[in-house]
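J.: Now for the letters of each chain:
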Amino acid sequence: MFEPVLLKNIEASNGHLLSTYEAGGGYQALRKVLSENTPDEVVELVKQSNLRGRGGAGFPTGMKWSFVPKGADKPKYLCCNADEGEPGTFKDRIIMERDPHQLIEGLAVSGYAIGAETAYVYIRGEYVAAIRRLEQAIAEAHEKGYLGRSILGTDFNFTVHIHCGAGAYICGEETAMLESLEGKRAQPRLKPPFPAVAGLYASPTVINNVETLACVPHIVTRGAAWFRGIGPDKSPGPKLYCVSGQVKKPGLYELPMGIPLKELVEEHAGGPLPGRKIKAVIPGGVSAPVIPERGLEVGMDFDSLAAAGSMLGSAGVIVVDDSTCMVKVATRIIEFFHHESCGKCTPCREGLNWTVKVLRRIEAGEGVPGDLEQLDMLCKGIFGNTFCALGDGAAMGLRAALKHFREEFVAHIEEGRCPFH
Amino acid sequence: MSMREKIEQAAAAYPDQRSAIMPALVIAQKEHGHLPGPVLEEVADILGVERIWVYELATFYTLFHTEPVGMFHLQLCDNVSCMLCGSENLLKHMEGALGIRKGDTTADGLFTLSTVECLGACEMAPVMQVGDDYHGNLDVARLDALLESLRAGAGRVAGDEHASQPLPGE
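These protein sequences, in sequence, are chains A and B.
Going letter by letter, the first sequence gives residues 1 to 421 in my numbering.
Going letter by letter, the second sequence gives residues 1001 to 1170 in my numbering.
Keep in mind that the hints were calculated from the coordinates and are not lab data.
This structure is a prediction, so every number in the text was calculated from the model and none was measured.
Glycine is no exception: its CB is placed at the ideal position from the N, C-alpha and C atoms.
It is possible that some hints are incorrect.
[To be verified] Straight-line distance between alpha carbons at most 25 Å, and here's what the computed BS3-like set of lysine-lysine pairs gives:
#, chain 1, residue 1, chain 2, residue 2
1, B, K1006, A, K184
2, A, K344, A, K47
3, A, K184, B, K1030
4, B, K1092, A, K357
5, A, K344, A, K380
[Claimed, not checked] Pair ranges (Cβ atoms, derived):
#, chain 1, residue 1, chain 2, residue 2, range
6, B, A1107, A, R360, 28 to 36 Å
7, B, P1015, A, E3, 55 to 63 Å
8, B, S1002, A, E143, 22 to 30 Å
9, A, E3, B, A1107, 31 to 39 Å
10, B, E1067, A, D155, 24 to 32 Å
11, A, E143, B, G1096, 48 to 56 Å
12, A, T154, B, P1015, 23 to 31 Å
13, B, G1103, A, K32, 51 to 59 Å
14, A, P419, B, Q1017, 44 to 52 Å
15, B, P1068, A, E267, 48 to 56 Å
Chain B extracted, bound-state conformation (with noise of 0.2 Å):
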C-alpha cells in the first residue's frame, strides 16, 4: 500500500478528517524516517487539511521528529523509577561507548541517544526503547550487549541478503 492509501485507511476510522493528523503523522514518519516540511504538507494535502494543523501536531508530540534520526534511536528512561535502579550510569556508559552526547547522532547515523519520560515499563526499570522494542533490567553489560547487537543487525540491513530478517527483538 502506498503512504496515501495508509492514509486513507486510517482516516476511515473517524467522522473528521482532522483527526486522522495523528495517524497520518505515524504513518509518514515509518515511511520517511523523519517529518520535514515537504512530508508535512504531504499529509495535509492527502487529509485535505490545513497545513498548520499537521505543523502543529508534528511539534507538539514528543515522538514525532521534524529532525533526522539515527537508524537506531535509544531512549534511556530515565524518569523516578529507572533513576532509583541506575539509570544516570547507563546514560554516562552510553555516551562514552558512542562517543557522543545525549541528544546527538553517532556520524555514521547509527545510533541516536535519548533520554524520555516514563515509558510505563517500571518493573524491569531500569528500560530503554529502541525503535519498536523495550529492553529492561539493564545494566553495564546487557546494555554492551544490545549494543553489539543491533550494530551486527544494521550490517544485515545494509548488505546481507537476509535483509529481511526481522532484527533482534522483534
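Isolated chain A (complex conformation) (with noise of 0.2 Å):
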C-alpha cells in the first residue's frame, strides 16, 4: 500500500502551520543535515535518491545541484520556480496554500547543499492565499530559527524572500523567471552559460520546482533507497498528479512515480462522466502531445511517456470525452501559446500567430483544402527552430493532435462545419 508524503498534511484544518508541520516530524531534516552531513554529502544523497525535477524537463536534481561551482567568489541563489502556469496543473498551489513549511524546510536543505544563503521563490501573482501562507510561514519559520542568521546554532544563514509573478507563463522557462527577477520582460536567455554558472545577477544559482524541494526532506529521514524503491529506478518517487476535465472526480492525486495512466483516470479519479466514453487524455499539461484512448496503458514517468512519444511534463492530467471536439481542444491550446509567446523569436510569434487563424477558420467551418498541409508546414517551422521550449510544446501538441485526430479536422473542412456542433 502506498503511503502518500508529500500530501500527508493536506487534509489538516491546520496543516499550514509550524506546529502541525513539527508534530509530523517536520524540520527533523534540517535538524539531520545541519547536524550530521556536508553539504557535499546531501547533495550525494539526493543524486544516489534519482530525485527528477517536477516542474516538467526531469532534469537530475542532484547533478543540477553538483554544477554549481565550488567556492565561487559571488553568493549563490536557490530559486524556487512557483509560476505554475502550466495549464491543467495545481499541485504547487496546493502545497503552498496547505503545507508551505514543507517548501521551506525543502529550501533550507537544498540551500544549505549548494551553499547559498538566499533564496527567492518566484510565485505567480494570482496565487494570492498561497502567497500569504507561505509568507506566514517564513515569518513563523524566522521565529523558531529554521530561517534567518545561525540557524539551529550552527554557522548556516538562510533566509527566503518571496517574488510575485504577474501573469506570464514564460517565467516557468527559468532563464525568463530570472530576467523577471531581475526586473526585466520575461525573455528566455542564451545558454550557454547555464545558471548554475551565471544565473541571478549573473551569480551561480539553481532553480528548482516546489514539489522538487518538496520531497528533498522526507529523502534526508528515509533515505535514497526509500525514494528509489517507489516507482521505476530511472524515474522515481512519490509523484503529485493532477486531474482535470471531463472526469468524475477531478482533484490533486499523490501516486508512485510509473502508476500507469488509464489507472490514474478510470480507478483513482473515477473515469468518465456518466455515459461518456474517455476519447483522449493530454498527460502533462497542454505541452505535453495527447495520448488517444487506446494509449492509456502508458506509464506516468518521465521515460515512459517519452518513449510514448509525449512527457510527463508537470503532469497536469487533461481528461477529454467523447462529446468533445478536438480541433477546439487543438484550437484553445495554440491560442494560448499564442498568447503567451514572449515575442523574442519570430518563429514563434509569428508562426503561432498564423497557426491560431488556420485553426480557427477551420473550427468555425471555414478551413480550405490545404489548410491540413499548411498547419504540417507551420510546425515544421516552428519546431527546433524557437529561442526556447515554448515554441515546441506548441508544435508537439498541435502535431499529437493532427496525428491521431486527423479524421476530425478533415471532416470539419469537407463537411464546412464542426461536426460536434
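Once you've looked at the hints, go ahead and assemble the two chains, each given alone in its own frame, into the complex.
T.: Written out as C-alpha cells, the structure reads:
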C-alpha cells in the first residue's frame, strides 16, 4: 500500500501551521543535515535518490546541484519556480496553501547543500492565498530559528524571499524567470552560460520546482533507497498528479511515479462522466502531446511517456471525452501559446499567429483544402527553430492532435462545419 | 505606511533596485487601482531606476493594468480544463447578465469582465478569480449568486457604516 508523504498534511485543517508540521516530524531533515552532513553529502544523497525535477523537464536534481562551482566569489542563489502556469497544473499551489513548511524546509536543506544563503520563491501573482500562507510560514520559521542567522545554532544563514509574478507563462522557463527576477521583461536567455554558473545577477543559481524541493526533506529523513524504491528506478519517487477536465473526480493525487495513466484516470479519478467515453488524455499539461484512449496503458513517468511520444511535463492530466471536438481543444491550446509567446523569436511569435488563424477557420467551418498541409508546414517551421521550449511545446501538441485525430480536422473542412455543434 | 515606505521595504529584499520594480508595481496598483503614466513615473523615482524599465514591465505582464478596471474584476478562466467544464456558457451568461462584452467595464464601474489563461485551480473548474479570491465549481446559479453578493458587498463599501467589513470570500 502506497503511503502518501507529500500530501500527508493536506487534509489537516491547520496543515499550514508550523506546529502541525513539526508534530508530523517537520524540520527533522534540516536538523539532521546541519548536525550530521556536509553540503556535499546532501548533494550526493539527492543524486543517489534519482530525484528528477518535477517542473516538467525531469532533469536530475542532484546533478543540477553539483554543477554549482565550489568556492565561487559571488553569492549563490536558490530560486524556487512557483510560477505554476502550465494549463492543467495545480499541485504547487496546493502544497503552498496547505503545507508551506514542507517547501520551506526543502528550500533550507537545498540551500545548505548548494551553499546559498538567499532563496527567492517566484510565485505567480494570482496565487494570493498561497502567497499569504507562505509569508506567514516564513515568519513562523524565522521565529523558531529555522530561517535567519545561525540556524539551529550552526553557522548556516538562510533567508527566503517571495517574489510575485504578474501573469507570464514564460516565467516557467528558468532563464525567463531569472530575467523577471532581475526586473526585466520575461524573455529567455541564451544558454550557455547555464544558471548554475551564471544565473541570477550573474551568480551561480539553482532553480527548482516546488514539488521537487518538497521531496528533499523526505529523502533526507527516509533515505535515498526509500525514494528509489517507489516507481521506476530511473524515474522514481512519490508523484503528484493533477487530474482535471471531463472526469468524475478531478483532484490532486499522490501516487507512485510510473503508475499507468489508465489506472490514474479510471480508478483513482473515477473515470469518465456518466454516459461518456474517454476519447483522449493530455498527460502533462498542454505542452504534452495528447494520447488517444488506446494509449492509456502508458506509465506516468518521464521515460515511459517520452517513449510513447508524449511527456510527463508537470503531470497536469486533462481528460477529454467523446462529446468534445479535438479541433476545438487544439485551437484553444495554440491560442494559449500564441498569447503567452514572449515575442523574442520569430518562429514562435509569427508562426503561432498563423497557426491560430488556420485553426480558427477550420473550427469555424471555413477551412479550405490545403489547410492541414499548411499546419504541418507551420509545425515544421516552429519545432526546433525557437529560442526556448515554448514553441516546441506548441508544435508537439498540435502535431499529436493532427496525427491521432486527423479525421476530425478533415471532417471540419469537408463538411464546412464543426461536427460537434 | 505610505506607498513610498512600502516600496522601499519591498526593495530591501534585493541587491539590485531594478528587481524591486515588479513588487513596487504590485504595491502601486493596489494603492491606485491601476497604473497610469504618472504612477509609473513615481515608482521609477522612488526606486531611482529608469522610467522605461518601469514602463516596459507594466506593459508586458498581464496582471498590471495601465487602464482603469472595475471595482470587481471578473477573471474567468477559459483555458482547456475550464473550457471542457463549461466556461463558454458562463462567459455568455455573464455578458448577458451584465450587459457588456468580454473586455469591457459596466457603466457603473462595478464590473470588468475578462477571460484569463489557466488560474492553476483546474480541480475546481470552471473557475473565476475576483480580486484576490478564487471561485470554483461554477455553474449559472452559483455565478448569479456570486454577482449578487458582490453587488451587495459593493453597496456596503460605498455607503454603509460597516465599510471596513471584509468582502465575501475574504
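J.: Each hint should be assessed against the structure and marked as holding or not.
T.: Results for each hint:
This hinted pair checks out: B:K1006 and A:K184 have alpha carbons roughly 21 Å apart, not beyond 25 Å. Among the hinted pairs, A:K344 with A:K47 is inconsistent with the structure: their alpha-carbon atoms are about 35 Å apart, more than 25 Å. The straight-line distance between the Cα atoms of A:K184 and B:K1030 is roughly 21 Å, inside the 25 Å bound, and the hint therefore holds. A distance of roughly 23 Å separates the Cα atoms of B:K1092 and A:K357; the hinted pair therefore holds under the 25 Å criterion.
The straight-line distance between the Cα atoms of A:K344 and A:K380 is roughly 19 Å, inside the 25 Å bound, and the hint therefore holds. Separation of B:A1107 from A:R360 is about 31 Å and conforms to the stated range, judged on CB atoms against 28 to 36 Å. Distance hint check: the CB atoms of B:P1015 and A:E3 are about 43 Å apart, inconsistent with the given range 55 to 63 Å. The given range of 22 to 30 Å is respected by B:S1002 and A:E143, whose C-beta atoms sit roughly 27 Å from each other.
Judged by the Cβ atoms, the range 31 to 39 Å given for A:E3 and B:A1107 is violated: they are separated by roughly 57 Å. Between B:E1067 and A:D155 the CB atoms are about 51 Å apart, so this pair departs from the stated range of 24 to 32 Å. Look at A:E143 against B:G1096: about 51 Å separates their beta carbons, and that is inside 48 to 56 Å. Between A:T154 and B:P1015 the CB atoms are about 24 Å apart, so this pair conforms to the stated range of 23 to 31 Å.
Between B:G1103 and A:K32 the beta carbon distance is about 54 Å. The supplied range of 51 to 59 Å therefore holds. A C-beta distance of roughly 57 Å is found between A:P419 and B:Q1017, which places it outside the suggested range of 44 to 52 Å. Separation of B:P1068 from A:E267 is about 50 Å and conforms to the stated range, judged on CB atoms against 48 to 56 Å.
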